[in-house]
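Participant: Once you've looked at the hints, dock chain B against the given chain A.
Protein chains: 2
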Amino acid sequence: MENRILLSHGGGGEETQKLIKNLFFKYFSNPILEKMEDAAVLNTNSKIAFTTDSFTISPIFFKGGDIGKLSIAGTVNDIAMMGAKPRFLSCSFIIEEGFPFEDLEKIVKSMSEEMKKTEVKIVTGDTKVVPKGSVDKIFINTTGIGEIIYDGISASNLEEGDIILVSGSIGDHGACIMAQREDIEMESEISSDCASLWPLVKDLINSGVKIKAMRDPTRGGLSAVLNEWANQSKIGIEIEEEKIPIKDEVQGLCELLGLEAYTLANEGKLVLVVPKGEEEKALDIMLKSPLGKDSQIIGKVISDYKGKVILKSSYGTRRIMEPPAGELLPRIC
Amino acid sequence: MENRILLSHGGGGEETQKLIKNLFFKYFSNPILEKMEDAAVLNTNSKIAFTTDSFTISPIFFKGGDIGKLSIAGTVNDIAMMGAKPRFLSCSFIIEEGFPFEDLEKIVKSMSEEMKKTEVKIVTGDTKVVPKGSVDKIFINTTGIGEIIYDGISASNLEEGDIILVSGSIGDHGACIMAQREDIEMESEISSDCASLWPLVKDLINSGVKIKAMRDPTRGGLSAVLNEWANQSKIGIEIEEEKIPIKDEVQGLCELLGLEAYTLANEGKLVLVVPKGEEEKALDIMLKSPLGKDSQIIGKVISDYKGKVILKSSYGTRRIMEPPAGELLPRIC
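Chains as they are written, first to last, in UniProt numbering: chain A, 1 to 333; chain B, 1 to 333.
If you're looking for bench data, these hints aren't it; they were derived computationally from the structure. Hints should not be assumed to be uniformly reliable.
Said to hold, decoys possible - In silico SDA-like links for lysine to any residue, alpha-carbon gap of 20 Å or less: (1) A:LYS281 with A:LYS234; (2) B:LYS288 with B:ASP203; (3) B:LYS35 with A:ASP151; (4) B:LYS132 with A:LEU329; (5) A:LYS202 with A:GLU279; (6) A:LYS47 with B:LYS234; (7) B:LYS132 with A:LYS234; (8) A:LYS132 with B:ARG181; (9) B:LYS137 with B:GLY98; (10) A:LYS308 with B:GLN17; (11) B:LYS234 with B:ARG181; (12) A:LYS18 with B:LYS312; (13) B:LYS300 with B:GLU160; (14) A:LYS21 with B:GLU147; (15) A:LYS47 with B:GLU147; (16) A:LYS276 with A:SER207; (17) B:LYS109 with B:LEU33; (18) B:LYS306 with A:GLU14; (19) B:LYS132 with A:GLY133; (20) B:LYS132 with B:LEU6; (21) B:LYS137 with B:ASN3; (22) B:LYS35 with A:SER154; (23) A:LYS18 with A:SER154; (24) A:LYS234 with B:GLN17; (25) A:LYS234 with A:GLU159; (26) A:LYS35 with B:TYR150.
Extracted from the complex, chain A is given alone in its bound form (with noise of 0.2 Å):
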């Protein structure tokens, strides 16, 4: 193979065949990508999840990921938001051209090594390749499909009462990318929380607990979550402010920059409600995962301030947790 990635790998021809077929095959192989029809058969559920992310990210390879791990992961976490078991991703590149091949086999690899943890398959495929300038170094949608194993989850279905809970830390990935593209040298170095959470709803969906609404909280973070559920459901949400997890070097990042920690992209945790009584028995069994370890019950539905999200802090004052607006940073995902 050459060692950049041309114009002609882009074109269509033998040359994309080539690139098809020694590095995607290599590191995505299964019979049904290697078919190579226009689009791919499937044999699945007749009730699926379905869901799109383009990946932008700058910069592509950071600690805790790249890229490539990113583009699985972000899908996988999406279909298993909705219950879903994550079966079928397609993936189409755009590069621009001279982009290092060296760097394209670490992202293709690392692609397949995030989805052997959840035994999502990449089907079918496209590749663009467009001249320099038109794409700074590479984009990656992934799109999925998912088989729905547990129904039901919607923004809509919180009542008074329910109980919300985190999977761990917040902010993790936003700041990790903000600290990286600033060069801020953090005493602890942040790393992004980047990982596929498929295996902490199914067992969340195995232990029978009951499951009104997961979101999974990526731009505009915990804060944009929390406040489309209010809106969707037209209930108050009220959230111990202690109670959210944030480490400190996020936390001191965010001091230093004057920025709130919920605001910030999480690419490995979901925020989950469940009804009032059964936060026990779902916090044990997220506590009992490496993906849920630092996992908290943060808040609860209210049936005061409709629309809104209520922070309470450690002596009782109440302030309001604002929607996020702005673009604090831009290509975060």
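Facilitator: Here is chain B on its own, set in the frame of chain A:
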């Protein structure tokens, strides 16, 4: 709305919600999309076709279409080529900061109009806005799910005696983009053939004709499809050169630039393989459709020249139709 797309429109916060509700819901509105969960929940056949494409075409507006129309037709066609009825699409935009809102609306409207031709729906989406210089204007990924209603179409099915048809003139899309990009004035202006082919495919399926293989010859053109078939089915293909429909103005441009029309991209044509004896019935169906009014029988599968495509001239001379190589035209789709 602002008249330019800002980074905050992709931030996942309030501005993103506004863009989704004020623009995307205006044109793409349907109950599944409006649920705004992490993934769309769908009911489908248990046997589905699944395909993805990222559209990076330049210019984004061209004679006969635009990147929006193309992003729908392209994915609808890949689904249809597998004998599947297009049902659901995901749609992911990557937009450059500062992109005119008016152009985005034009594109979204064009997508909406193209979807009406086949009843396919966008049920889930993603929007990224990246800083100036990180992407050239706008890229769109669409990924589609279709329900297979005609099973068994494959590039590996070709056998000696099978007949090959094409649904109309070839090279129109490639020639159009090339002419427009190079600012070449042609006597008669060349227009892209960009179109959703499902109505034609449905007519073929309903007619009872046996479809062995079917492809839309996009990147790499007719030559890429025929060479892939010859390779995958391990047979030879003989094409009668003068039977290939090519518009005079496309032929003229090819002669001017020293190109072969059969390597140019198409976005609204299909190549079809039927068993000997069914070709007249297939041709009849195709000619009756506005999508196939210039259809032709162009060749047959032979046992010699395994893995090769042979062009036979009207004088009886033969030459090899080489598989496309290199990159004629980046950002053609």
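Participant: Work down the list of hints and note, for each, if the structure agrees.
Facilitator: The hints, checked one at a time:
no.: 1; hint: A:LYS281 with A:LYS234; in the structure: violated, 27 Å
no.: 2; hint: B:LYS288 with B:ASP203; in the structure: holds, 9 Å
no.: 3; hint: B:LYS35 with A:ASP151; in the structure: holds, 15 Å
no.: 4; hint: B:LYS132 with A:LEU329; in the structure: holds, 14 Å
no.: 5; hint: A:LYS202 with A:GLU279; in the structure: holds, 17 Å
no.: 6; hint: A:LYS47 with B:LYS234; in the structure: violated, 38 Å
no.: 7; hint: B:LYS132 with A:LYS234; in the structure: violated, 38 Å
no.: 8; hint: A:LYS132 with B:ARG181; in the structure: holds, 17 Å
no.: 9; hint: B:LYS137 with B:GLY98; in the structure: holds, 9 Å
no.: 10; hint: A:LYS308 with B:GLN17; in the structure: holds, 16 Å
no.: 11; hint: B:LYS234 with B:ARG181; in the structure: violated, 38 Å
no.: 12; hint: A:LYS18 with B:LYS312; in the structure: violated, 29 Å
no.: 13; hint: B:LYS300 with B:GLU160; in the structure: holds, 8 Å
no.: 14; hint: A:LYS21 with B:GLU147; in the structure: violated, 28 Å
no.: 15; hint: A:LYS47 with B:GLU147; in the structure: holds, 13 Å
no.: 16; hint: A:LYS276 with A:SER207; in the structure: holds, 16 Å
no.: 17; hint: B:LYS109 with B:LEU33; in the structure: holds, 16 Å
no.: 18; hint: B:LYS306 with A:GLU14; in the structure: holds, 17 Å
no.: 19; hint: B:LYS132 with A:GLY133; in the structure: holds, 11 Å
no.: 20; hint: B:LYS132 with B:LEU6; in the structure: holds, 10 Å
no.: 21; hint: B:LYS137 with B:ASN3; in the structure: holds, 15 Å
no.: 22; hint: B:LYS35 with A:SER154; in the structure: holds, 9 Å
no.: 23; hint: A:LYS18 with A:SER154; in the structure: violated, 44 Å
no.: 24; hint: A:LYS234 with B:GLN17; in the structure: holds, 17 Å
no.: 25; hint: A:LYS234 with A:GLU159; in the structure: holds, 9 Å
no.: 26; hint: A:LYS35 with B:TYR150; in the structure: holds, 17 Å
In summary, the numbered hints that this structure violates are 1, 6, 7, 11, 12, 14, 23.
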